[in-house]
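Participant: Produce the complete structure using the sequences and hints provided.
Protein chains in written order, with this note's numbering: chain A, 1172 to 1821; chain B, 1172 to 1821.
Just so you know, these hints were derived from the structure itself, not from any lab. This structure is a prediction, so every number in the text was calculated from the model and none was measured. Possibly wrong hints are sitting among the right ones.
Pairs involving identical chains hold if they fit within one copy or between any two copies, as the list cannot separate such chains.
[Claimed, not checked] Computed cross-link-like contacts, DSBU-like style, restricted to lysine-lysine with a CA-CA straight-line distance of at most 30 Å: (1) 1542 / 1433; (2) 1474 / 1542; (3) 1433 / 1543; (4) 1784 / 1498; (5) 1543 / 1466; (6) 1665 / 1498; (7) 1543 / 1349; (8) 1518 / 1468.
Number of protein chains: 2
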Amino acid sequence: MSFAPERGFTEPHLNDELRSELEQAARQSRSDILHMTTVAGSGHPGGSMSMLEIYLTLYRLAKVDPTNPYRDDRDRIIVSNGHASPGAYAALAAVGFFDIEPCLHGFRQAGSPFEGHVERSVPGIEWDTGNLGQGLSVGVGKALYGRLSGQSFHTWVLMGDGEQQKGQIVESRHTAVKYNLHRLTVFIDLNRRQISGTIDDVMAHAIGDEWQSSGWQVETIDGHDLNALYEACHRAVANTDAPMCYLLDTVMGKGVSFMEHKHQYHGAALNDEQLGDALVELGGLPNRTTELRAKRKLGPPSKFSTSHAPFPRLNPGSATSYDVTAKLDNRSAWGNALLSVAETNVKPDGPAFAVFDCDLAGSVKTAEFAKKYPEHFFQCGVAEHSTAVTAGALSAESALAIWADFGMFGVAEVYNQQRLNDINHSNLKLFCTHTGVNVGEDGKTHQSIDFFALLNSTFGWRVITPADPNQTDRIVRYVLTHPGNYAVMMGRAKIPMIAAEDGSAYFGDGYTYRYGRMEFVRPRGEVALVSAGNMAPYAQSAWEQMGEHRDHVALVVISDWSDVHAEDIHRLGTFRHLVTLEDHNVKTGLGMHLTAVLQDHQFATPVTRLGVKEYASSGTPDDLYRLLGLDPDSVARRLTEICATIEVPA
Amino acid sequence: MSFAPERGFTEPHLNDELRSELEQAARQSRSDILHMTTVAGSGHPGGSMSMLEIYLTLYRLAKVDPTNPYRDDRDRIIVSNGHASPGAYAALAAVGFFDIEPCLHGFRQAGSPFEGHVERSVPGIEWDTGNLGQGLSVGVGKALYGRLSGQSFHTWVLMGDGEQQKGQIVESRHTAVKYNLHRLTVFIDLNRRQISGTIDDVMAHAIGDEWQSSGWQVETIDGHDLNALYEACHRAVANTDAPMCYLLDTVMGKGVSFMEHKHQYHGAALNDEQLGDALVELGGLPNRTTELRAKRKLGPPSKFSTSHAPFPRLNPGSATSYDVTAKLDNRSAWGNALLSVAETNVKPDGPAFAVFDCDLAGSVKTAEFAKKYPEHFFQCGVAEHSTAVTAGALSAESALAIWADFGMFGVAEVYNQQRLNDINHSNLKLFCTHTGVNVGEDGKTHQSIDFFALLNSTFGWRVITPADPNQTDRIVRYVLTHPGNYAVMMGRAKIPMIAAEDGSAYFGDGYTYRYGRMEFVRPRGEVALVSAGNMAPYAQSAWEQMGEHRDHVALVVISDWSDVHAEDIHRLGTFRHLVTLEDHNVKTGLGMHLTAVLQDHQFATPVTRLGVKEYASSGTPDDLYRLLGLDPDSVARRLTEICATIEVPA
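Facilitator: Right, here's the structure in full:
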């Protein structure tokens, strides 16, 4: 199935017929932009009107298909300054992606697909944006998808000039140049206005020079000249030397004299009288506000049925079991499992498969993968913000996108980027090592003790902390073969295996990982020691040294913090006292969460929560846990005290 | 009190005597760097040795005073690549800030002040770093402090070359140029190596060109040539045209042949044999590992007593009361209170006073302040990461630093920066507007519904949500006059005042804000409706429309989420059922927190938690709350059902 013949910018110039069609569409779209914002009583008409010609040029003439907006070989068009949604919606409708009518009355209405910032729920929109500075990182992810899937589609990124102040953009500029993503082209809407005034007043900087200094080809063109825009796209498609950036010389509020060059129209709608004046200027187009307001009262328009890329089918391979006497770090088990999964899935006709790194491959155990599969490994340097988004954008295609980093950098440093991935229904596989106080000597700036509080504040991310290398192996295979955003959080140190009562490896050969279930490793007792992740081996040690009291203490391991199964909660609720042990801020971690969930299930079981109560210093994990009262001795002592209090038989 | 006469780079050249002193110190310091890392068994010797000459030059000859490291007129020396701590510690000790001995055996030991990344707990260190890309933003904050406090000290920022990949840096480059911070100078340790290899392999980019394109004066000099370094400092002090950036041509591992140019020594210590070889190369300095290891076993060295800048004394001014019938947005009350506090405190001999903005002054209500006090207002553009750190760094001086932004940008987008501020004991005053679903039409990317989960995952930030404009006024005055990091989270919409039982404004004239206390606005009933922030006026409406059941429902307002007073918890615990109502993710918000805290106080009171259960769409707050079941009708209905269940007398 090929795209319409006029698409793809193959001709050197725009023909007269198409130009006239686009000019006609521009006039109508300007009216649409003003109607939807005035009827909604808010929105961003100024930039929508300065970007209109590039919107129309791309949506009408790039390789996209209004009748089949989700085909995999389409060009990707990313709107980075998502507030310019009225322009994007108007242009998409003008070229046939959908009917404009529901947008005119349902823009920014609760329950409508036409939200204030562009959303993927609208056909033709590739990514929900709104927080600035994200679009280029998304574009890099889409361009990498093209390369990995052997396709030649082009990725077009539309950005604002105000957003050029966001640092994340320079990170993505570097990545695009390093990987020579020449099928990636950027247009910057240089209308020289942002919310508070001119960009020169707010924060003057030489946008073109900065892009050039990062190795991009930069040209300035008239952003309202349809011929110039078409020819720029033609040159961009032909160019294979470097990614290109066009600065579009545009006018905020273009087409309505009293709006032009006024930053006040960045984010303010016209009132009815102004709209009337504007429509006269636009050639006497009809004023439809009364009719549209009546329609708005009937409720929001219905949502589109979308058909985004499916998560690829992958083979989890065969589990690797480590001997119960082995001592290994979870991160090495993760690195081994990655290699095993790669072996069965990285192949010429296999799914797009990518591992991202931010200058830590050796520590996060992706270095072997990098050596074996250099075409599938992306070293992005110390650039976590852009990497989070690029990996997320790739993962929303039919691709497996993996990012491994320290916990601090994969979650805390880029929390909002992970949240935006989640909003975009990405399928990112995040593997974090060096989490918790377990990071050791690197000290407090590197202590990832907040990952659950953060990711649990989204609605899609699932947090998993493997208990030992055996469970790590099973979890990695599960996560890599299931859709959704998963964060697997591991420590740094070598740890012993969790043992079953018969002395074998608990998570060894007979074990099957069931997402969301707790493991009752030692099921009997009046008191339960509930541990997770880094603390599971310490809990096991504490239990072992409890002597006679051991029979009264059950050992429960939770790996899946985000989803606790009701059956397991009920089982937990039958204990007389729970002690939770976690390498996480105790104020916002697993213990707090469980306490509240137990209460929801009508259990008033007392919970003693042990966890991180302050920023710890540099030191070995064992020393630090001792200072924090989380070492096996302290935990065993605490358990013994509790056993004594509740008068369990000695 | 003046600085030692040789300090300040006033001479054009370094004299022979000082050069010889520094050369001597360099030799000893290299031995110290290697000893401390080998004894610790970890650390970062490579960059420490490439940066040693600039460390020594600055600590010995900049205007700092080893005998009085906290004097307010000192030059600020910021180490941005905090992993190069062995070099910084060795140099500081060499010039007299402290004795090197405890550092040699106590480096990276749990409980020691000499942590793996530089920490403010060591005299001479201005800022805890470790997460890269932060130092220039800190330097901008310090330079602004110099300007605001009328001092002429210089700020020197030392950075790595690998960290130049972090986008945050370009944001601060812009700010420094905009405000012509010519008393700010940067040195980049261009040893061309980072963890994974050469910077050209990891992420090639033209560092000097990029700085120049942002408007900085850039020069490359030999980073091991003491004469060249001194003269560079002299030129930097003399220059008033633009901030300067020196690229230091250096050698990783400088001084030990087998370490030189090897990226493997970025983060790895020598073993004993290698240390022996290195010491021979350094001129036969003694190998002290055996002795130092014995000392290490005796426990960590003691901490320094530090004396950081005190929070300035400010006058809160007189409260403004809004009539109970008024309808106002909390953000306007905040803007008014800010102007009132500024009026009494911004004066020639007053404390340094600064308000930061990221292109949202009109919306976050700091535009009037900007107009009235342009010298105290810093428009940083769309650059939240750098602004968070710059404002934080200023706030750690004797200064009042205020940052106002949307909740999404002030917390979620910059969570890690706020966490780093907290680690640095800053006193940042963060005023966020447009929090919660209350942000309305801007939609899900702008919904700050995670602020408590995030900030409560630090150990210092305090989260406050004012209930109405009257309480906002009191809270603003409190926060601006108390030390510590406070986040005041406000909605966008105009809201009615909270009324007392007698019909007067509850938070009006008779009210005194007491941090940490709940307000029992309607104290009687079997069921308590506990609301906070944006939801308080909705809770009041729900209560009002409950008709006959009203007498059974108490109305409690919580403004201070981070600290709930035990007395109030006990009072809450006496109700038969609690309903919490919050404009926050219900999984990680106030309701979860209260449920767990109640349990800690042995209360098994059932808690029905109402809050945000999904990413909401664009729309008016009222429409969105209705869709989420948080509108007064839904809440009143829910309360009525609960009243029926617990069979309160009708």
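Participant: Between copies, within a copy, both or neither: which fits residue 1433 and residue 1543 at Cα up to 30 Å?
Facilitator: Between copies only: 23 Å across chains, 55 Å inside a chain, cut-off 30 Å.
Participant: Checking residue 1665 and residue 1498: alpha-carbon separation at most 30 Å within a copy, between copies, both or neither?
Facilitator: This pair counts as within: shortest intra-copy Cα distance 6 Å, inter-copy 60 Å.
Participant: At most 30 Å between CA atoms: does that hold for residue 1542 and residue 1433 within a copy, between copies, both, or neither?
Facilitator: For residue 1542 and residue 1433, the Cα distance is within 30 Å only across copies (20 Å; inside one copy 54 Å).
Participant: Cα distance capped at 30 Å. Does residue 1474 pair with residue 1542 within a copy, between copies, both, or neither?
Facilitator: neither (46 Å within a copy, 45 Å between copies)
Participant: Checking an output row: residue 1543 and residue 1466, CA cutoff 30 Å. Within, between, both or neither?
Facilitator: neither (60 Å within a copy, 45 Å between copies)
Participant: Which holds for residue 1543 with residue 1349 at a C-alpha limit of 30 Å: within a copy, between copies, both or neither?
Facilitator: within (20 Å within a copy, 47 Å between copies)
Participant: Reference check for the pair residue 1518 and residue 1468, CA-CA at most 30 Å: within, between, both, or neither?
Facilitator: neither (55 Å within a copy, 53 Å between copies)
Participant: As a check of your reading, is residue 1784 near residue 1498 (CA-CA no more than 30 Å) within one copy, between copies, both or neither?
Facilitator: The answer is within: 28 Å in one copy meets 30 Å, while 42 Å across copies does not.
The structure does not agree with the numbered hints 2, 5, 8 stated previously, though it agrees with the rest.
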